[in-house]
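Colleague: Chain by chain, the residues run as shown.
Protein chains: 2
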Amino acid sequence: MVLTILGCYAATPRTMTNPTSQVLEIKNRMFLIDCGEGTQVQLRKHKLKFSRINHIFISHLHGDHFYGLIGLISTFALLGRKTDLHIYGPKGIKEVSLLQLKLSNSWTSYNLYFHELTSAESELVFEDEKVRVTTIPLKHRVYTNGYLFEEKTGERKLNIEAVENYNIDAAYYRKIKWGGDITLDDGSVIPNAELTFDPLPAKSYAFCSDTVYTETILPIIKDVDVLYHESTFLESEVQYCEKTMHCTATQAATIAKKANAKHLILGHFSTRYDSIERFKAEALTVFDNVEVADDGKVFEY
Amino acid sequence: MVLTILGCYAATPRTMTNPTSQVLEIKNRMFLIDCGEGTQVQLRKHKLKFSRINHIFISHLHGDHFYGLIGLISTFALLGRKTDLHIYGPKGIKEVSLLQLKLSNSWTSYNLYFHELTSAESELVFEDEKVRVTTIPLKHRVYTNGYLFEEKTGERKLNIEAVENYNIDAAYYRKIKWGGDITLDDGSVIPNAELTFDPLPAKSYAFCSDTVYTETILPIIKDVDVLYHESTFLESEVQYCEKTMHCTATQAATIAKKANAKHLILGHFSTRYDSIERFKAEALTVFDNVEVADDGKVFEY
Numbered sequence: 001m002v003l004t005i006l007g008c009y010a011a012t013p014r015t016m017t018n019p020t021s022q023v024l025e026i027k028n029r030m031f032l033i034d035c036g037e038g039t040q041v042q043l044r045k046h047k048l049k050f051s052r053i054n055h056i057f058i059s060h061l062h063g064d065h066f067y068g069l070i071g072l073i074s075t076f077a078l079l080g081r082k083t084d085l086h087i088y089g090p091k092g093i094k095e096v097s098l099l100q101l102k103l104s105n106s107w108t109s110y111n112l113y114f115h116e117l118t119s120a121e122s123e124l125v126f127e128d129e130k131v132r133v134t135t136i137p138l139k140h141r142v143y144t145n146g147y148l149f150e151e152k153t154g155e156r157k158l159n160i161e162a163v164e165n166y167n168i169d170a171a172y173y174r175k176i177k178w179g180g181d182i183t184l185d186d187g188s189v190i191p192n193a194e195l196t197f198d199p200l201p202a203k204s205y206a207f208c209s210d211t212v213y214t215e216t217i218l219p220i221i222k223d224v225d226v227l228y229h230e231s232t233f234l235e236s237e238v239q240y241c242e243k244t245m246h247c248t249a250t251q252a253a254t255i256a257k258k259a260n261a262k263h264l265i266l267g268h269f270s271t272r273y274d275s276i277e278r279f280k281a282e283a284l285t286v287f288d289n290v291e292v293a294d295d296g297k298v299f300e301y
Numbered sequence: 001m002v003l004t005i006l007g008c009y010a011a012t013p014r015t016m017t018n019p020t021s022q023v024l025e026i027k028n029r030m031f032l033i034d035c036g037e038g039t040q041v042q043l044r045k046h047k048l049k050f051s052r053i054n055h056i057f058i059s060h061l062h063g064d065h066f067y068g069l070i071g072l073i074s075t076f077a078l079l080g081r082k083t084d085l086h087i088y089g090p091k092g093i094k095e096v097s098l099l100q101l102k103l104s105n106s107w108t109s110y111n112l113y114f115h116e117l118t119s120a121e122s123e124l125v126f127e128d129e130k131v132r133v134t135t136i137p138l139k140h141r142v143y144t145n146g147y148l149f150e151e152k153t154g155e156r157k158l159n160i161e162a163v164e165n166y167n168i169d170a171a172y173y174r175k176i177k178w179g180g181d182i183t184l185d186d187g188s189v190i191p192n193a194e195l196t197f198d199p200l201p202a203k204s205y206a207f208c209s210d211t212v213y214t215e216t217i218l219p220i221i222k223d224v225d226v227l228y229h230e231s232t233f234l235e236s237e238v239q240y241c242e243k244t245m246h247c248t249a250t251q252a253a254t255i256a257k258k259a260n261a262k263h264l265i266l267g268h269f270s271t272r273y274d275s276i277e278r279f280k281a282e283a284l285t286v287f288d289n290v291e292v293a294d295d296g297k298v299f300e301y
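Chains as they are written, first to last, in the numbering used here: chain Y, 1 to 301; chain U, 1 to 301.
Quick caveat, the hints were computed from the structure, so don't treat them as lab data.
Among these hints, one or two may not hold up.
When chains are identical, the list treats them as one kind, so a pair holds in a single copy or across two.
For lysine to aspartate or glutamate, the following DMTMM-like pairs were computed, each having C-alpha atoms within a straight-line distance of at most 25 angstroms [claimed, not checked]:
| hint | residue 1 | residue 2 |
| --- | --- | --- |
| 1 | LYS47 | ASP274 |
| 2 | LYS49 | ASP274 |
| 3 | LYS262 | GLU242 |
| 4 | LYS257 | ASP225 |
| 5 | LYS45 | ASP186 |
| 6 | LYS102 | GLU116 |
| 7 | LYS222 | GLU123 |
| 8 | LYS152 | GLU95 |
| 9 | LYS102 | GLU121 |
| 10 | LYS102 | GLU242 |
| 11 | LYS45 | ASP294 |
| 12 | LYS152 | ASP128 |
| 13 | LYS49 | GLU150 |
| 14 | LYS130 | GLU116 |
| 15 | LYS130 | GLU161 |
The task is simple: from the sequences and hints, build the whole structure.
Modeller: See the structure below:
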């Protein structure tokens, strides 16, 4: 599981800091999460292949999370893309995207599917044989969802030595990997547990930006491997959190601790601070395993 | 008159090339012309003060000319702007801008005025005591206008020596600068021509992007000081011009020559070419005074 941060700063794009966007590579799928202005240039800069992106998840319709979307949609068309593109985001994202295409008398060379979200409850929005994505309803100034990306438990690992000892034909390997027992020619049954090892544990990633401190997300992100949680402010500016509906580093770390997350990545930093390391220092007073995001940073798990 | 090119490349923003946007400083006014994605970052990069921009002129609603507008409008609000902002552009620009603000539950801290254009004829869109801006109807795949920025002829220059010789009181200087004759106490009339020099010649700048080759613009831009004209292609790719409704460097130079422009700046380059100097070389075969735009380049006249 590889997470590339394209941008992790709040409010407006600046010379050295980009608004929110990140790419999650999980089980060989590449998901784009949020798409602030300049995302397509960040994708180029970090040499991430446009053509591998088939699903884009938008948390909410504030500019620093989606003003780069229409440019990316247009560039996909200019590049002659043929593959379907799926966009998940709050209701309204379809109307505004199509209006912009209409005004420029443009159309896409590919099928563009909008999956508009309105539910206040967590819901499954994407599922294939290896990955599942559910929403994490957040509390912000507009309708906002985080997203939980979960690997499905994979096939069991073949115990090659055992399989060869029993002289089992390779034609049965798939059945064994899927958990089946094997009946030998002499009628004896070899239980699957003798022929396989447990699969690699399924990994999970929770993206939670933007939100005020809310424990309602805890049941959804419980035991998550990696939690990206916004921390726009430090505790010294906690008085801004209620009005702007953002969190401090301490609050993000509290959520990580209560959710029993393994790793916490902090992001969505206000540019008022001189160093993002201050966010890490503050969060470490509450939770042990803290990293700070930064534009261009790559996390591997 | 100072022109700063923020971006001058066609189609999509890339790591090293930006879509169309430029800043014209004329008679101490600062006008933003077109606003492709990433324009606000380019403004910061080139240290152009956001607060000096009160008028934005958008040529057409293709993404590479206006996808940066909503981000700039939002950033102005985040910066707490109070001054009125005027936006000139094709009909539809208001609807799409307001829809984006509405979806993000945002509003501006300043008055935002949209001047939507629909006319196929050249029209005066801005005028104050020093500068006049008229549209240059262009021919492109969507409704498009270039813009002609003209300094008004300034006050006449005082001939201090002559004025002092006649012992004229300073209270009359303003009248003289405005072209008035002076009657001395003895009844004799001193004609203005004896008391003043001609004012500096009024300068003009014509922005023409995007368009197919069209001589209908010649009467509007006749004798212009500086003509920025798109040259998306070289003559070797002239076959693309009709379908995409763009020009070659040769065609741009032909317009400059026929319009009797003093300077030609080429821009809106397709990124298919290895060097933009090739555009200059081609245009120089038709017209003498050619420059190529490039992101970050500053032209002074």
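Colleague: If a hint holds in the structure, say so; if it does not, say that too.
Modeller: Going through the hints against the structure:
no.	hint	in the structure
1	LYS47 <-> ASP274	between (29 angstroms within a copy, 20 angstroms between copies)
2	LYS49 <-> ASP274	between (33 angstroms within a copy, 22 angstroms between copies)
3	LYS262 <-> GLU242	neither (27 angstroms within a copy, 59 angstroms between copies)
4	LYS257 <-> ASP225	within (12 angstroms within a copy, 66 angstroms between copies)
5	LYS45 <-> ASP186	neither (61 angstroms within a copy, 78 angstroms between copies)
6	LYS102 <-> GLU116	both (19 angstroms within a copy, 17 angstroms between copies)
7	LYS222 <-> GLU123	within (16 angstroms within a copy, 63 angstroms between copies)
8	LYS152 <-> GLU95	neither (33 angstroms within a copy, 44 angstroms between copies)
9	LYS102 <-> GLU121	between (33 angstroms within a copy, 24 angstroms between copies)
10	LYS102 <-> GLU242	between (38 angstroms within a copy, 21 angstroms between copies)
11	LYS45 <-> ASP294	both (14 angstroms within a copy, 20 angstroms between copies)
12	LYS152 <-> ASP128	within (9 angstroms within a copy, 66 angstroms between copies)
13	LYS49 <-> GLU150	within (22 angstroms within a copy, 46 angstroms between copies)
14	LYS130 <-> GLU116	within (23 angstroms within a copy, 50 angstroms between copies)
15	LYS130 <-> GLU161	neither (27 angstroms within a copy, 89 angstroms between copies)
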